[in-house]
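Heads up: the protein sequence lines correspond to chains P and U, in order. Residues in the first sequence are numbered from 1 upward in steps of one, following my numbering. Residues in the second sequence are numbered from 1 upward in steps of one, following my numbering.
In case anyone wonders, no lab produced these hints; they're calculated from the structure. Hints may be right or wrong, so weigh each one.
So these bits of chain P aren't anywhere near chain U, every CB distance computed over 10 Å [as the list claims (entries may be wrong)]:
| # | residue |
| --- | --- |
| 1 | D39 |
| 2 | R40 |
| 3 | S137 |
| 4 | Q145 |
| 5 | A327 |
| 6 | R567 |
| 7 | L712 |
| 8 | T735 |
| 9 | G792 |
| 10 | L867 |
Straight-line Cα separation of at most 25 Å, SDA-like style, residue types lysine to any residue; simulated pairs [to be verified]:
| # | chain 1 | residue 1 | chain 2 | residue 2 |
| --- | --- | --- | --- | --- |
| 11 | P | K23 | U | P92 |
| 12 | U | K39 | P | L17 |
| 13 | U | K61 | P | T24 |
| 14 | U | K17 | P | E28 |
| 15 | U | K61 | P | R59 |
| 16 | U | K61 | U | S72 |
| 17 | P | K23 | U | D65 |
| 18 | U | K61 | P | R15 |
| 19 | U | K61 | P | G772 |
| 20 | U | K61 | P | E28 |
| 21 | U | K61 | P | V20 |
| 22 | U | K17 | P | A651 |
| 23 | U | K39 | P | S591 |
| 24 | U | K17 | P | R72 |
| 25 | P | K23 | U | E52 |
| 26 | P | K23 | U | G67 |
| 27 | U | K61 | P | R77 |
| 28 | U | K61 | U | P92 |
| 29 | P | K105 | P | S591 |
| 30 | U | K17 | U | L98 |
| 31 | U | K39 | P | R59 |
| 32 | U | K39 | P | K105 |
| 33 | P | K23 | U | P55 |
| 34 | P | K23 | U | G110 |
| 35 | P | K23 | P | G52 |
| 36 | U | K17 | U | R32 |
| 37 | P | K661 | P | S591 |
| 38 | U | K17 | U | D46 |
| 39 | U | K61 | P | R12 |
| 40 | P | K661 | P | A651 |
This structure is a prediction, so every number in the text was calculated from the model and none was measured. C-beta: ideal position from N, C-alpha, C; glycine also.
Here's the letter readout for the chains.
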Amino acid sequence: MPDHVLVRFCERAFRRLLLVYPKTFRAELGDDLLDAHRDRCRDEWEQRGWLGLTAYWTRTSARMLHDGIGERLAALRSRSRRPRRYVLDSVRQDLRFAFRSLMNKPGFSAVIVLTLALGIGVNAAIFSIVDGVLLRSLPYPNPAQLVRIWETNTQADNRFVELSFADYAYIRDNSSSFTATAAFSQASRDLVDAYGNPTEIVIGRVVDGLFSLFGVSPILGRDFLPDDTQRGVPVVILSHALWQARYGSDPSIIGKTVHIRAQPFTVVGVLPHTSGYPLSADVWRPLIGDNQDEDREFHVIARLAQGVSVAQASAEIRVLAAQLEAAEPDLNENISAWVQPMQAMLVRNARTPLLILLGAVAFVLLIACANVANLLMARGTTRQQEVAVRTALGASRSRIVRQLLTESLLLALLGGGAGLLAGYWALDTILAISPQNTPRLAEVALDGRIVAAMTVISVITGAVFGLLPALQASRPDLHANLKAEGRAQTGNVSVRRVQRGLVITEVALTTVLAIGAGLLITSFSRMLHLERGFATENVLLVRVEPGTLHLERNAIALFDDVLERVRPLPGVQSAVLSTMNPMAPRGLTLSIQIATDPDPRIDLPRVRWHSTSPDFFSVVGIPLQAGRFFDDRDNETAPRVILINQAFADAHFGGDDPIGKQLSRPAVEIVGVVGNVTPLAESVPRPTMYSPFRQQPWPGAYVVVRSATDPLPLAEAIRQQVWAVDATIPLDDITTVELAIAETVASPRFHMLLVGVFALLALVLAGVGIYGVMSYAVNQRTRELGLRQALGAADGDLLGMVMRQGLAMALAGIMSGLVAAFWLTRLLSTLLYDVAPTDPRMFAGVALLLTTVAAAACFFPARRATLVDPMVALRYE
Amino acid sequence: MSQHTNDLDSDSFAPLKPDLFHILLALEEEERHGYGILKEVEQRTDGRIRLEPSPLYRRLKRLLDAGIVEESAKRPAPELDDERRRYYRLTPSGRRMLAAEARRVVALAGSDRVRRLANA
């Protein structure tokens with residue numbers, strides 16, 4: 001009876017799998033083993049049908065792979081037992097020979113080592129950053145258990161809402177997913193003591209054992225005690241940074257008193273050095289009853305219990321949030337809760353740009369590898385005669401491949417070593433220019449693991465990109481190669497095909513990188529030249545925030561004093577007051593109602609509100625569109641007036657003239673319309689209204705100073721004048737608009753610079769690659785070119801022929817690159833401002849640029865083709 | 001190969017793993033081909049030990065290399081025979097090894113404590 005088709009299939013499959021076994025095993029027992037398998041297959045088929053057979057087939061396939069490899073290893077072990085000396089000797093011989101042959105061609109070796117060093121160097125640097133920022137676990141015990149608890153407003157689609165005290169307490173008391181929970185809120189406060197000028201600090205108010213949750217305990221003094229919280233004892237713990245900077249690491253600081261918002265606090269401890277958020281406040285104090293209100297201001301940190309996953313914890317607190325919503329619907333409507341791993345939370349904004357940089361350097365490495373492979377292949381072809389001689393003298397193919405591989409591995413390791421050095425240098429440079437808001441930068445270092453990873457990458461590069469040329473060069477065509485007598489083969493089609501493929505690939509990769517860089521550069525320049533709506537030159541912003549202490553004192557009088565003292569300072573052209581920082585015009589929003597609105601709505605529109613000096617607008621160059629600016633008539637006793645911006649007018653008055661219109665809430669009259677101010681982070685200007693400071697004073701504002709030259713040197717004099725009015729006002733926030741702009745574009749600038757540099761490297765490498773391949777091709781064809789010339793081909797014909805071939809190759813690469821870029825650049829979209837990821841002009845421009853580079857890279861070899869002397873070329877034979 | 005056979009005196013196989021013991025036991029009775037060994041072991045152990053061909057042949061390779069098992073020239077009756085198949089049998093040193101293992105097992109089983117445990 002013939003076997004079932006499935007049985008026959010199994011038999012065939014097993015026969016294939018038998019190839020995994022070493023040859024000796026196959027010869028001795030192979031057929032027998034297959035017989036046994038067939039018998040078993042028949043049994044399985046008869047007894048259990050196709051199910052049994054399938055199960056047997058799967059099981060046995062895996063088993064045969066395992067056993068075959070095991071047998072091979074065993075065979076290797078028994079073989080290597082005897083001739084180890086021989087192997088070692090020949091390795092030493094290979095190495096010595098490799099060194100000698102690399103030294104024979106120092107230029108060739110240097111180009112390869114440098115190319116690899118470039119690729120490995122940028123990868124080592126970026127990899128270190130990715131590792132330090134994204135991969136390495138947080139520097140706390142059991143960091144994977146640390147999570148942040150968020151609430152989420154399902155209606156507003158905001159996934160990152162802090163918790164109210166009540167919600168925190170409920171989750172703490174009712175959840176079973178956590179072994180510990182703690183919370184804190186942060187606020188800016190002024191700190192006054194005998195150690196220096198008043199300064200603004202970030203104070204963290206702690207609920208429960210925040211420090212112990214992180215496994216951190218004070219290096220001086222003690223942690224907070226439960227008693228501190230319950231009795232509201234005014235104690236603080238200082239951060240290590242503040243202790244060092246302000247108190248000169250004074251070991252006797254414990255027990256001293258500092259004033260925060262004019263309240264005395266006793267220092268009870270100093271924390272060890274911590275690396276950024278969440279333990280990033282300058283001063284910590286226990287939360288006292290006064291802040292246990294409904295504000296959602298608490299950052300909640302928890303430690304997952306053993307074996308509880310993030311998803312399980314999320315599920316549990318989602319239930320708790322639902323209970324809270326049911327209990328107090330008006331407070332917790334649409335509020336849910338979830339858990340985020342601490343590490344993911346810390347790096348969520350840094351992730352995309354870093355992964356993009358990682359992609360960019362991977363491209364650079366691939367391009368470098370393609371170049372190296374091309375060079376090695378070109379080299380391999382020119383060495384065919386040497387290989388042939390060695391073969392004729394009795395070298396086996398494997399021996400020759402090993403020799404050539406040793407050379408490429410040696411090159412790769414040299415390149416890797418040089419690359420690591422370059423990487424150290426590149427990392428320092430990159431860290432120096434990287435934006436300071438990148439999380440965890442302090443933890444970045446090029447350590448042993450990166451060195452190991454880069455070494456592995458080098459070795460793989462050497463092995464993979466050396467193997468192909470080695471196999472190619474060692475192909476035994478003894479007769480032809482020996483006969484060649486120093487003349488390399490002209491018709492090595494497969495080498496050229498592979499070389500072409502590599503060049504096309506690297507041109508494609510370069511195209512993608514160049515387009516990415518071009519997009520980032522365009523985006524950056526649009527950011528810089530954004531029409532902001534106000535003057536950016538020679539404007540100094542000094543934040544003067546007297547704080548709650550001065551609420552009862554007349555803010556008008558205080559700021560009048562300040563302005564009176566600042567205005568006469570030499571260099572100051574004008575000094576005005578505004579609650580708005582034009583760089584970040586956020587701030588209060590107010591509900592408004594327009595008096596003529598026939599149908600008063602329940603959900604009133606909200607607009608931004610700021611309070612300014614009368615001449616603020618002319619000083620910072622915000623233009624008047626209609627009506628009038630404020631003037632001295634608009635004082636405390638005059639009717640209340642406001643200015644609105646164009647966005648307000650457009651949104652609420654459409655085509656009507658808003659001048660003279662009244663709002664019923666607040667009760668004011670509109671006297672003018674001013675231009676919009678567009679901050680970087682917002683694409684559309686928001687409706688905004690401005691009140692005269694005298695009519696709507698506010699206990700904190702920017703003193704805006706305009707000067708003829710760079711205003712920053714004025715800062716110290718202005719500080720002294722403000723402190724002459726009130727010595728307790730912290731004045732840390734002093735900046736020029738130009739500096740503030742530089743700060744907001746720091747990240748885009750960083751990404752643009754890096755991707756730009758990588759793209760430039762890629763461009764150079766691709767140019768070198770095209771040049772190398774074309775020059776190799778021309779060299780190989782010297783005889784043919786000479787012949788053509790002897791037969792009457794004009795210089796132009798030869799030039800055109802070589803150029804055409806090179807450009808065809810480049811164009812194929814550019815086209816594939818454009819297609820790939822079309823898909824890949826959308827990953828950049830979050831980093832782009834005001835430019836589409838598939839901007840056609842950018843695509844066209846890069847295509848043109850690369851064509852030009854390719855043309856230049858082809859031109860020199862092509863010209864050499866025309867310079868071939870026919871006589872010399874023919875004698876080449 | 002002879003070099004390996006000398007190694008045999010050292011206890012490179014002892015104590016025998018159960019499947020190896022069963023393979024030798026199957027061959028002690030009569031000469032068998034590979035699949036025959038599988039079936040015999042399966043029957044003898046009531047299906048508790050179900051050898052797969054590939055591990056079996058790895059073992060056979062070791063046993064052949066070590067001179068414990070050898071290929072047999074004798075054939076069963078032609079009507080039962082598949083002429084491609086190879087038959088295996090124990091060598092004298094294989095028999096000695098099996099006997100030694102059998103003595104070890106009996107000695108172990110003969111001890112009072114083991115008997116007590118078995119009856120418990």
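Hints and how they fare:
no.	hint	in the structure
1	D39	violated (4 Å)
2	R40	violated (6 Å)
3	S137	holds (42 Å)
4	Q145	holds (43 Å)
5	A327	holds (62 Å)
6	R567	holds (95 Å)
7	L712	holds (80 Å)
8	T735	holds (75 Å)
9	G792	holds (70 Å)
10	L867	holds (66 Å)
11	K23/P to P92/U	violated (29 Å)
12	K39/U to L17/P	holds (23 Å)
13	K61/U to T24/P	holds (10 Å)
14	K17/U to E28/P	holds (24 Å)
15	K61/U to R59/P	holds (21 Å)
16	K61/U to S72/U	holds (15 Å)
17	K23/P to D65/U	holds (15 Å)
18	K61/U to R15/P	holds (18 Å)
19	K61/U to G772/P	violated (54 Å)
20	K61/U to E28/P	holds (8 Å)
21	K61/U to V20/P	holds (16 Å)
22	K17/U to A651/P	violated (88 Å)
23	K39/U to S591/P	violated (89 Å)
24	K17/U to R72/P	holds (23 Å)
25	K23/P to E52/U	holds (21 Å)
26	K23/P to G67/U	holds (20 Å)
27	K61/U to R77/P	holds (16 Å)
28	K61/U to P92/U	holds (17 Å)
29	K105/P to S591/P	violated (78 Å)
30	K17/U to L98/U	holds (12 Å)
31	K39/U to R59/P	holds (19 Å)
32	K39/U to K105/P	violated (66 Å)
33	K23/P to P55/U	holds (17 Å)
34	K23/P to G110/U	violated (46 Å)
35	K23/P to G52/P	violated (31 Å)
36	K17/U to R32/U	holds (20 Å)
37	K661/P to S591/P	holds (17 Å)
38	K17/U to D46/U	holds (18 Å)
39	K61/U to R12/P	holds (23 Å)
40	K661/P to A651/P	holds (14 Å)
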